[in-house]
Amino acid sequence: MKAVRRYAGTTVGSRREFLASVVAGLVTTLPPYRATAQDSLPGTGPSGRLWDPSRAGRPLPPVTAADNDAAIQAIEKQIHCTCGCNLDVYTCRTTDFTCTVSPAMHRRVVELAEQGRTGPQILDQFVRERGVAILMAPPKRGFNWLGYFVPSAFILIAGAVLTLVLRRWARAAPTASPSGPPSAPAGTPDELERLRHELDRLSV
Amino acid sequence: MTVLGTIGLWLAFLLGVWGALAGIVGGLAERPDLARSARHAVFATCGALLVAVFSLEWALFHHDFNVEYVAAYTSRNLPIFYTWSALYAGQKGSLLFWATVLSVFGSLALVSTPRHHRELLPYVAGVVSAVAAFFISVMLFGHASPFERLAYTPVDGNGLNPQLQNPGMVFHPPMLYLGYISITIPFAFAIAALLSKKLDTDWLVAIRKWTLLSWLFLSIGICLGMWWAYVELGWGGYWAWDPVENASLLPWLTMTAFLHSVMIQEKRGMLKKWNLALIIGSWLLSIFGTFITRSGVISSVHSFTQSNVGYFFLGFLIVAGIVSFALYANRLPLLEAEARLESMISREASFLFNNLLLIGIAFSVLWGTLFPILSELVQGTKITVGPPFFNEVNIPLGLALLALTGIGPLIAWRRASVPNLKRQFAVPLTVGGFATLIVLVAGMRDFYALVAIALGAFVLGTVVQEFARGARARHRQYGESYVLSLGRLLARNRRRYGGYIVHTGIVILFVAFAGMAFKTETEATLRPGESVSLRSPYGYTYTFTSLGLSQYDALNRQVTAAAVEVRRDGKTIGLLNPEKRQHVDGLGRPTFQPSTEPSIMSLLREDLYVVLGGVVNGTEQAVFRFTINPLVWWVWYGGLIVALGGLIVMWPGGGSLAVKRAQAGYAVRLVGEK
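Here the protein sequences line up with chains A and B, keeping their order.
If you're matching positions, the first sequence starts at 1 in our numbering and goes up one per residue.
If you're matching positions, the second sequence starts at 205 in our numbering and goes up one per residue.
This is chain B alone, in the form it adopts within the complex:
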């Protein structure tokens, strides 16, 4: 099967190269035959890569340990669930996964894009083929083929890293990959628009769903990554400003900026240059993230094994950046705005400042990530840029962004009048003020947490006000009940009200992040029957009592588990079972260092998080870390709401395509104004 896989890779590579050439030349020379051929090449590349994926999965499931990749990432006793995910657990397999998903997305884009965008499609096919061909070339020429064979056949494989044996890790990488990869489709359309010189709002309509889709995948992928880090790594947090985490945040920030600024182009015909730059930048950042993860240029716990594929990505990044921005610069005269901003106090201006902050945060994250390299180049001194740096720089910016999340929707398009501003801001500001008062009276003194909660309440006030006004208007106009009005409001204007739901999720996330300022933890050595107490920020006293340790064998691991009884103010509320795990292969041989498996009791107000560190002198006297993490459950809840809002925004429907196209190019014009 590996021969079939290798043939699939080579075939896909050749098809990719042909698709790239035929697409670009077919578009420029207006040759329908070449354009058709490029389209078919994308489909065929997809087919060949799917054959390669099937071959690798076959090898994985049949424990063909003669294949180096199979031996490195699986073992006979690895659960099936994780055997499947071993496809993208390693560098080589994930490259194959990336190229395959890209070709699937490319095929879907070509099939689903309406006919009136057909002039763009040859270029789209060309760009998708070129990117896919690059990824395949890394596998073929960068010694990164997942089908390489060993000189001997081991009895059993090494098994999957224990930290990857978690459901979060099965879904987190593909989601993030889907986010990264799907940005290629909007990028391909942007390049197509530049090449074809069709730079009106039409291409934006064609990519609207794709930009939302990649933003949604990135959002879900990032949240799942946070969840995985929290439940699996055992350090009691979910974001460590690791370079690879930062790399996933960068395109998310620029895509978020784009999703806001594109509204200005659709409604007013402004910011064409900016929007194109954002799309190109987002894609380049997704490649940059891949470069960071795979090159080993920056130290990260998430990195794949250091290899020479980093040079491929660096070269590709530089070439793609130069070509894209050269083309962009060449087309700048065609990107003049159709309208001008009329007032500083307008939604357009607030969106621009929102973009400024999003890009500013992206820049500061990028700057912090690369600063160690810069420092070493300039000073010859290695430095570490960790969470203290990122928190100091980014928390104020994040809070300013949260403020703009509330301010933007309150300001009218084009020009806001003073009475309008008063009417719009009164309720949200009052809500924010009250929330501040309540938390101050409750004794909260942490400045950033206080500001986060105050601003969160303000934004929530904005969202509730917008929903209430909309529902009331429908109720008055159509006599609908308020519940029905709310439902129809959402259904008829998914983009606007779905966006508000996303804002609600963001508020919840910010408030939940603020909760970590009140994290409490302690270490203790407990014999069976001994207890330790910890006071939560809400004033409860939690008592953790060790009930003893036990050891047992599971499918692919030997487990040492503790039983810890938890009491809140003297009342038992449950048991926690943190574990130490020694993973073994099919012959019972240890495969990795023993790992910790935290046990978490998630409550609405706070999480109780217990880690079993180990034991003293082989006795039942165990070393624990007990942590109380306030509001963590709300991080996952906020992430779910963000995803739900994103889904509502991109849910199909809401009128015919023609109407949507007309709306996209619609500009608000009053009588007597051009």
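Next up, chain A with everything else stripped away, as it sits in the complex:
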């Protein structure tokens, strides 16, 4: 598989060669990911243009402070992207860069935040605009409580039933033993305990 250089500019071309030599040097002389003191920066000249920008996907705007705002991200992680990805808005917009839905939803969140709305208010606004399915998890009210509590209730009830059944079995266990004399002389309690330990130790 041969790599074909696509850069037209000579300045960019030389940087490519320089980068390739840096990469090759790192690969051949060092084990992967070991620290080196080598400075591989090419300098900060004016950025060139790509040979074919369309290959790099949709053009993106530069990242803004709002994109990295923790509060905005926290809100976006609760909003479902409607592009069909099943992800939240934050994850989709930072993963699927071909998606145009999540960036639009992100802009709406930023716009609402800039209007001074709080997180819950922004979420409420999204629910008003797009329905409750826009939330990543159903709000805890009405029928949705069932969603949250049925699994816990199932386990608690099943656990209670299991405990009752086990207790009944445990209580019934001694009476299930035959009342007749043992077929062989029983050991002392100490010996039986030791035997139990040994059997336990050897058990599969």
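Think of the hints as simulated: they come from the structure by calculation, not from any bench.
C-beta atoms are modelled at their ideal positions from N, C-alpha and C, and glycine is treated no differently.
Be aware that a few hints might be false.
Facing chain A, a subset of chain B residues (Cβ under 8 Å, in silico) [claimed, not checked]: (1) Trp571; (2) Ile587; (3) Gln786; (4) Gly822.
Once you have looked at the hints, place chain B on chain A.
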């Protein structure tokens, strides 16, 4: 060749129907001739399906784009590796793959099952044939034949989805399929035991390896899926609680429950009803998973294209569920326990609570997966049930399960005494306590992560204690060195100590999952030479410097790659090369939307994960996402240990079959007790 493939499918279908009838009737009527015929039908079905697979692969490798499936999933420039995997990349091919693997497994089960289980085999052949016939019928009657031809022949095919062009995707689906499919064998034996009324522990011995095998395949398949999602999808995580991911977890949970509870049946003759229900339930869940993936009833990124095959699966699921549980209910009087639980403080009881939690988690995952449908039915409102819901419900349950992973092996069978409990719990509890103290002093305050690490240390203490005691006992008794003792301990009691290794893997997985609570990430737009810094939870400062972008052509894609230098606290530690890929067909025409290819530097403590989002106005000013994911490497390491433990447990050997059978039915009895 497609004619041959179609003939193979029809032949396999007819043979499957005959095998099902002959097997069941032959078993019930005790007709050896029919039983033999059913056995041969399974072999013949397998042969016919292999011919169909060969025909499809022939079409794939010869670029016969007149075949709709070949045109849809391959192109002339698709690497050979992925041309092979196109067999199961689409709905139709994967149905063929499923039916074929099932018939192979069925044949192996019939050949490898010892003679003393022969009364079960006609039914096994019948059930396997019936399930295989169903899958083939979906292809033949559900417009899902991979051999359908187009009215014209395209010059080139559409190519494989770029996200499927990853080694993880070559191995992940077949592993998961193998897991799903192999559950049919234990299910077939369970139905055989119910039909033949031979419900002692004998049938359990016959399926032991198969249950372990399907659990192992499911475990590996799930881990590979997580790995693929992490290295390919670019969102920086490995589990998104997607409905299809959930569907693969469900049978894994019930199979795990079975592998624990079956020990109680083997040792004490208890839980016969429960174990049968678990096996039937696991199989139904595997079909349910197939239904979810193929029906489009629930929105999922993993789903195949929506088609009418979902109705086939729904119908099959309902019919199979009703028939199985009706038979089960009819045989309940024959499934009485041979012994009773003697104490609440016993390993049996702890295993039952372990089962309760596993089934509880399975229920909550199923509930969360289906709740959107329920909500729409009841309220008429669509809702989304995503990761926040599943995490809230399942993390506490998972941690409780982790606690039981440590508690179970410490409690004696039948009845544990107080001195025994003190002796057993002292070391693990101390280890857990120390670990908690250390992470608290280190400044960790995340509650769930803290609990996960504390419980993980406790379980690890349990495992180390068990190995140490066993090795010391051998050392004392046989004078072996400690290393030799450990080796022989493992070799002589693979099931027990292999199980502990699985537990170790689970602990590592839980601790690694907890690491994601400390994920750090940022987005940045960088020109060549510009940097961004990110502080890791361990206190290091990582500096990412863009060195520029390059573009080049590869076999079936046009690549835009960034070079990003990484420094840790000022020292260069390597280069990362995230990519944007535009896949093209053999004529250079774009086939899919440009995809991202993250670049990952995996370190023991944390992963550095860089995604190239795109560029600003066609310049070298690029948009990146930088993520530090703590402990991710340990997820893969934990998965490997789980698989290794599973392999040790199921490794053949350890005495003659007769001895193993005797052991399986062995019940601990003290003098004077019945």
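Going down the list of hints, with the structure as the test:
no.	hint	verdict
1	Trp571	holds (5 Å)
2	Ile587	holds (4 Å)
3	Gln786	holds (5 Å)
4	Gly822	holds (3 Å)
Of the hints listed earlier, there is not a single one the structure fails to meet.
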